[in-house]
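Number of protein chains: 2
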Amino acid sequence: MKKVMLIILDGLGDRPHPYLKHLTPLQAAEIPNMDYMASKGILGMQYPIAPGVPPGSDTGHLSLFGYDLERDYPGRGIFEALGEGIELDEGVAFRANFATVSERGEELIVEDRRAGRISGHDAEALASTISGMSLLDGDVEAEFVHTLEHRGFLILRGRQLSSQVTDVDPHEEGYPVLEPLPMVADERAERTARALKEFLARSYVLLRDHEINRRRMNEDKPPANFVLPRGASEPIEIERFGDRWGFKPAAVAAGPMYKGIARALGFEVYQPEGATGLPDSNFRGKIKEALNLLDYFDFVYVHMKGTDVASHRMDPSLKVKVLERIDLALEDLIDPPEDLLVVITGDHATPCTIGKHSGDPVPVMFYGSGLPRDDSTNFHELDASMGGAGWFSGKDMMKLILNYSNRSLEYGLRPLPKRTWYIPRREDLTPLRI
Amino acid sequence: MKKVMLIILDGLGDRPHPYLKHLTPLQAAEIPNMDYMASKGILGMQYPIAPGVPPGSDTGHLSLFGYDLERDYPGRGIFEALGEGIELDEGVAFRANFATVSERGEELIVEDRRAGRISGHDAEALASTISGMSLLDGDVEAEFVHTLEHRGFLILRGRQLSSQVTDVDPHEEGYPVLEPLPMVADERAERTARALKEFLARSYVLLRDHEINRRRMNEDKPPANFVLPRGASEPIEIERFGDRWGFKPAAVAAGPMYKGIARALGFEVYQPEGATGLPDSNFRGKIKEALNLLDYFDFVYVHMKGTDVASHRMDPSLKVKVLERIDLALEDLIDPPEDLLVVITGDHATPCTIGKHSGDPVPVMFYGSGLPRDDSTNFHELDASMGGAGWFSGKDMMKLILNYSNRSLEYGLRPLPKRTWYIPRREDLTPLRI
Numbered sequence: 004m005k006k007v008m009l010i011i012l013d014g015l016g017d018r019p020h021p022y023l024k025h026l027t028p029l030q031a032a033e034i035p036n037m038d039y040m041a042s043k044g045i046l047g048m049q050y051p052i053a054p055g056v057p058p059g060s061d062t063g064h065l066s067l068f069g070y071d072l073e074r075d076y077p078g079r080g081i082f083e084a085l086g087e088g089i090e091l092d093e094g095v096a097f098r099a100n101f102a103t104v105s106e107r108g109e110e111l112i113v114e115d116r117r118a119g120r121i122s123g124h125d126a127e128a129l130a131s132t133i134s135g136m137s138l139l140d141g142d143v144e145a146e147f148v149h150t151l152e153h154r155g156f157l158i159l160r161g162r163q164l165s166s167q168v169t170d171v172d173p174h175e176e177g178y179p180v181l182e183p184l185p186m187v188a189d190e191r192a193e194r195t196a197r198a199l200k201e202f203l204a205r206s207y208v209l210l211r212d213h214e215i216n217r218r219r220m221n222e223d224k225p226p227a228n229f230v231l232p233r234g235a236s237e238p239i240e241i242e243r244f245g246d247r248w249g250f251k252p253a254a255v256a257a258g259p260m261y262k263g264i265a266r267a268l269g270f271e272v273y274q275p276e277g278a279t280g281l282p283d284s285n286f287r288g289k290i291k292e293a294l295n296l297l298d299y300f301d302f303v304y305v306h307m308k309g310t311d312v313a314s315h316r317m318d319p320s321l322k323v324k325v326l327e328r329i330d331l332a333l334e335d336l337i338d339p340p341e342d343l344l345v346v347i348t349g350d351h352a353t354p355c356t357i358g359k360h361s362g363d364p365v366p367v368m369f370y371g372s373g374l375p376r377d378d379s380t381n382f383h384e385l386d387a388s389m390g391g392a393g394w395f396s397g398k399d400m401m402k403l404i405l406n407y408s409n410r411s412l413e414y415g416l417r418p419l420p421k422r423t424w425y426i427p428r429r430e431d432l433t434p435l436r437i
Numbered sequence: 004m005k006k007v008m009l010i011i012l013d014g015l016g017d018r019p020h021p022y023l024k025h026l027t028p029l030q031a032a033e034i035p036n037m038d039y040m041a042s043k044g045i046l047g048m049q050y051p052i053a054p055g056v057p058p059g060s061d062t063g064h065l066s067l068f069g070y071d072l073e074r075d076y077p078g079r080g081i082f083e084a085l086g087e088g089i090e091l092d093e094g095v096a097f098r099a100n101f102a103t104v105s106e107r108g109e110e111l112i113v114e115d116r117r118a119g120r121i122s123g124h125d126a127e128a129l130a131s132t133i134s135g136m137s138l139l140d141g142d143v144e145a146e147f148v149h150t151l152e153h154r155g156f157l158i159l160r161g162r163q164l165s166s167q168v169t170d171v172d173p174h175e176e177g178y179p180v181l182e183p184l185p186m187v188a189d190e191r192a193e194r195t196a197r198a199l200k201e202f203l204a205r206s207y208v209l210l211r212d213h214e215i216n217r218r219r220m221n222e223d224k225p226p227a228n229f230v231l232p233r234g235a236s237e238p239i240e241i242e243r244f245g246d247r248w249g250f251k252p253a254a255v256a257a258g259p260m261y262k263g264i265a266r267a268l269g270f271e272v273y274q275p276e277g278a279t280g281l282p283d284s285n286f287r288g289k290i291k292e293a294l295n296l297l298d299y300f301d302f303v304y305v306h307m308k309g310t311d312v313a314s315h316r317m318d319p320s321l322k323v324k325v326l327e328r329i330d331l332a333l334e335d336l337i338d339p340p341e342d343l344l345v346v347i348t349g350d351h352a353t354p355c356t357i358g359k360h361s362g363d364p365v366p367v368m369f370y371g372s373g374l375p376r377d378d379s380t381n382f383h384e385l386d387a388s389m390g391g392a393g394w395f396s397g398k399d400m401m402k403l404i405l406n407y408s409n410r411s412l413e414y415g416l417r418p419l420p421k422r423t424w425y426i427p428r429r430e431d432l433t434p435l436r437i
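For the protein sequence lines, the chains are F and X, in the order given. Residue numbering for the first sequence follows the working numbering, starting at 4 and increasing by one per position. Residue numbering for the second sequence follows the working numbering, starting at 4 and increasing by one per position.
In short, the hints are calculated from the structure, not lab data. If you're wondering where the values come from, they're calculated on a predicted model, not measured in any experiment. Idealized CB from N, CA, C, for every residue including glycine. Worth double-checking, as some hints may not be accurate.
Label-pair restraints from in silico Cβ distances [to be verified]:
#	chain 1	residue 1	chain 2	residue 2	range
1	F	I437	X	Y22	33 to 43 Å
2	X	E109	F	P340	56 to 66 Å
3	F	P340	X	G88	50 to 60 Å
4	F	L184	X	D378	20 to 30 Å
5	F	I437	X	P375	35 to 45 Å
6	X	Y299	F	I437	28 to 38 Å
7	X	D378	F	T380	15 to 25 Å
8	F	S320	X	E242	31 to 41 Å
35 Å max Cα-Cα, derived DSBU-like pairs, lysine-lysine [stated by the list, open to error]:
#	chain 1	residue 1	chain 2	residue 2
9	F	K359	F	K324
10	X	K402	X	K291
11	F	K200	F	K224
12	X	K251	X	K324
13	X	K324	F	K291
14	X	K43	X	K398
15	F	K251	X	K398
16	F	K43	F	K291
17	X	K291	X	K200
18	X	K359	X	K24
19	F	K251	X	K402
20	X	K359	F	K421
21	F	K43	X	K24
22	F	K43	X	K224
23	F	K43	X	K251
24	X	K43	F	K43
25	F	K43	X	K398
26	X	K200	X	K43
27	F	K24	F	K200
28	F	K291	X	K359
29	X	K324	X	K200
30	X	K200	F	K251
31	X	K251	X	K24
32	X	K24	X	K398
33	X	K200	X	K359
34	X	K251	X	K402
35	F	K251	F	K24
36	F	K200	F	K291
37	F	K324	F	K224
38	F	K421	X	K398
39	X	K251	F	K421
40	F	K421	X	K402
Only chain F is shown next, with the shape it has when bound in the complex (with noise of 0.2 Å):
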């Protein structure tokens, strides 16, 4: 049985770009050890959550993590929060973006969904002054923290509050602010509904007038004058993903919300040193760090974002570079350790030409010995579609990795009164006593 390493490069599938010559990011990018290692490892093609379906980076992992989305999902919120340390008892989270908004008549038109990318001590002094609102004469209570860039999330805590209600958030730019609307007829959705409604009123006028935005509004900087909640999440079960699949798992990430969505699963979440989350992230630090946690997990998961933020900005350029630098940090899995899987994938395709997540599949690749071969050379979308794993959809990754990691239990077998996909632990096993 092998230990696996996970990397997610996030938006890592791409389409051809003018700028690269009309090659995609990976196919423009010198990446010499990517390209080694898909010489030796097997390619293939996966859909996250299903073909031309646009998964977001909470949808992506869950399902590439084996999670059905429509009964194990609750929504993006709790894992923002969770990302945080911010555990929720009883309330609703929502993610919420500081955006730029202008009036227009009685509305209100998204001028930038990310205030100039607003962040530092500016947004963490705008966090704390909508922060602490008593909200429906005081049954329910606001909290708005701010985490990186432009990004935070909302909690509103109290009781009889629901996540069916629907996003605020337009998520295209020129389009009015939306209302928030029970998206079930059931009083604690429309209750959410109106709490919400007054929070994002009542935080208007506060970031509206704000001293900060004033003085960003002198410098030429879009003011951070509203709050964009979406994906509205309550607690539920989750099954630990060390109790589906079999692993003692970590994760090295620094994104709050990938921190966040770990945490839900029961992975031991690591940061080390230097790692952001951003294009200028400490990559070499992670794969070190994971390499090390090998050591006591059998499971190391590790988040790089910097590709996801190359392209949301569409700049195929800065994706090369971000590649270019991640390649070499995998320098270090060159030669890994004869008891080890390493999968490459992303969670999505984020094509720098359209600057959004998009449903088009990700390339992925197998690496270690004793796997299936190929014919690929290279690392990127064109050899994945020939490669040697095929095309598969997301929700069967985790088997895969079973299978390539010699893990799984044939189908039928049931030495355990618990169906399970992986063959048990000795010390979960009951032996017969005579």
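Got chain F sorted already, so can you dock chain X onto it with the hints?
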């Protein structure tokens, strides 16, 4: 409409092997007939159950035959018993190997899951020693039947028994014999576990002290001092293959389990002279028999076990030899009748490098006149992974077979009250009478 010959080469799929210059057995073997068929037919890759899931030989077959394992799988034991012509009305059947165990404290450690591949008179005599035992104060009767080599099956006859008990066989040498546990909180499952434990304890005493085992130990052979039941199984209603897919089916097989599956699904079963279920089987005789049967049947399933036996022995050279002998036998199919579709695949991969079933994909070949074409020139994993039949799930195999034999019914048409996937036989239609 064509007739169909479906040839299952057990455990066909494989991985590159260092002894074969890092080729797979299919790549290393001299198989001019299969290669010729590949160049004229179309190849593909199929996951018999699902990506990454290692099938058992029973579950792999059932899935390829188009049955839903969640609903139609009775457990393995029934098929073993049916292979010997024994039908079970009431009770539970288990597959059970002779094994060698040693005592360590209160536990029994499995030293050899096959008791040195014991066979012949020794196995028969030991089987009769432990057969006919009366359990649970006479409520349950145990029957043990030896089949091939170290293999056999155990039947517990009686009322109020259940197949919802875990395997006693730990499936790994060096592991302890496992206690049979009820998989549901249910009086019948608990009773079955109790009856099984009584059988194990009493048969261990009889086998341990048996003169045959004393003699085997004197000859430095591992004693067959235990039987390892697994795959508890109860009779269930399974739709007949002929009704499900519109064929009149026959099977050519020698291994007991495969004959049992075929009988359970309503195939007529034939075992030509010299067909043994082993690497030295009479492959040519099987193909000749299958060709003859096509005069009376329109679907003939041919099972060849030798490839899987070589894989379990982790002997890639033997697998190459078996493939080459099978290839010679296929000479009679090179120039097939105009109305015949030949399909060659495996029920699972058994890589010689790991010596057990894996969840790897399995090559498949469709051969006959009027088929689509692809660029394949050789029958092996690499060409198959780029073949014109693509990648598909084993559960879709029968629908593809209906299609390539020009028997499938257009979706939405309904000439019969019952939904069928095939064009009905004329005699099954109800003419309007005026």
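Against the structure, the hints come out as follows:
1. F/I437 / X/Y22: 33 to 43 Å: Since the Cβ atoms of F/I437 and X/Y22 sit about 41 Å apart, the hinted range of 33 to 43 Å holds.
2. X/E109 / F/P340: 56 to 66 Å: Violated - the Cβ-Cβ distance for X/E109 and F/P340, about 37 Å, lies outside 56 to 66 Å.
3. F/P340 / X/G88: 50 to 60 Å: holds, 52 Å
4. F/L184 / X/D378: 20 to 30 Å: violated, 54 Å
5. F/I437 / X/P375: 35 to 45 Å: Given a distance of about 60 Å, which is not inside 35 to 45 Å, the answer is violated.
6. X/Y299 / F/I437: 28 to 38 Å: With a Cβ separation near 53 Å, X/Y299 and F/I437 fall outside 28 to 38 Å, so the hint is violated.
7. X/D378 / F/T380: 15 to 25 Å: holds, 19 Å
8. F/S320 / X/E242: 31 to 41 Å: Violated: the Cβ-Cβ distance is about 60 Å, outside 31 to 41 Å.
9. F/K359 / F/K324: The given pair, whose Cα atoms are some 19 Å apart, holds under the 35 Å limit.
10. X/K402 / X/K291: Since the Cα atoms of X/K402 and X/K291 sit roughly 26 Å apart, the hinted pair holds (cutoff 35 Å).
11. F/K200 / F/K224: holds, 27 Å
12. X/K251 / X/K324: holds, 33 Å
13. X/K324 / F/K291: Answer violated: X/K324 to F/K291 is near 46 Å, above 35 Å.
14. X/K43 / X/K398: Since the Cα atoms of X/K43 and X/K398 sit roughly 25 Å apart, the hinted pair holds (cutoff 35 Å).
15. F/K251 / X/K398: holds, 33 Å
16. F/K43 / F/K291: Holds, at about 22 Å.
17. X/K291 / X/K200: violated, 46 Å
18. X/K359 / X/K24: holds, 21 Å
19. F/K251 / X/K402: Roughly 41 Å separates the two Cα atoms, so the pair is violated.
20. X/K359 / F/K421: Roughly 23 Å between the alpha carbons, so the hint for X/K359 and F/K421 holds.
21. F/K43 / X/K24: Roughly 14 Å separates the two Cα atoms, so the pair holds.
22. F/K43 / X/K224: violated, 43 Å
23. F/K43 / X/K251: Judged against 35 Å, a Cα distance of about 47 Å means the pair is violated.
24. X/K43 / F/K43: Holds, because 30 Å separates the two Cα atoms, which is no more than 35 Å.
25. F/K43 / X/K398: Satisfied, since the Cα-Cα distance of roughly 31 Å is no more than 35 Å.
26. X/K200 / X/K43: violated, 56 Å
27. F/K24 / F/K200: Roughly 48 Å separates the two Cα atoms, so the pair is violated.
28. F/K291 / X/K359: Satisfied, since the Cα-Cα distance of roughly 34 Å is no more than 35 Å.
29. X/K324 / X/K200: Violated: X/K324 and X/K200 sit about 43 Å apart, past 35 Å.
30. X/K200 / F/K251: holds, 33 Å
31. X/K251 / X/K24: violated, 44 Å
32. X/K24 / X/K398: It holds: about 34 Å lies between the C-alpha atoms, which stays within 35 Å.
33. X/K200 / X/K359: holds, 28 Å
34. X/K251 / X/K402: Satisfied, since the Cα-Cα distance of roughly 16 Å is no more than 35 Å.
35. F/K251 / F/K24: With Cα atoms ~44 Å apart, F/K251 and F/K24 exceed 35 Å; violated.
36. F/K200 / F/K291: At roughly 46 Å apart (the allowed maximum being 35 Å), F/K291 and F/K200 break the hint.
37. F/K324 / F/K224: Holds, at roughly 27 Å.
38. F/K421 / X/K398: holds, 25 Å
39. X/K251 / F/K421: violated, 39 Å
40. F/K421 / X/K402: Distance ~33 Å between F/K421 and X/K402 Cα, so the pair holds.
The structure shown violates the earlier hints numbered 2, 4, 5, 6, 8, 13, 17, 19, 22, 23, 26, 27, 29, 31, 35, 36, 39.
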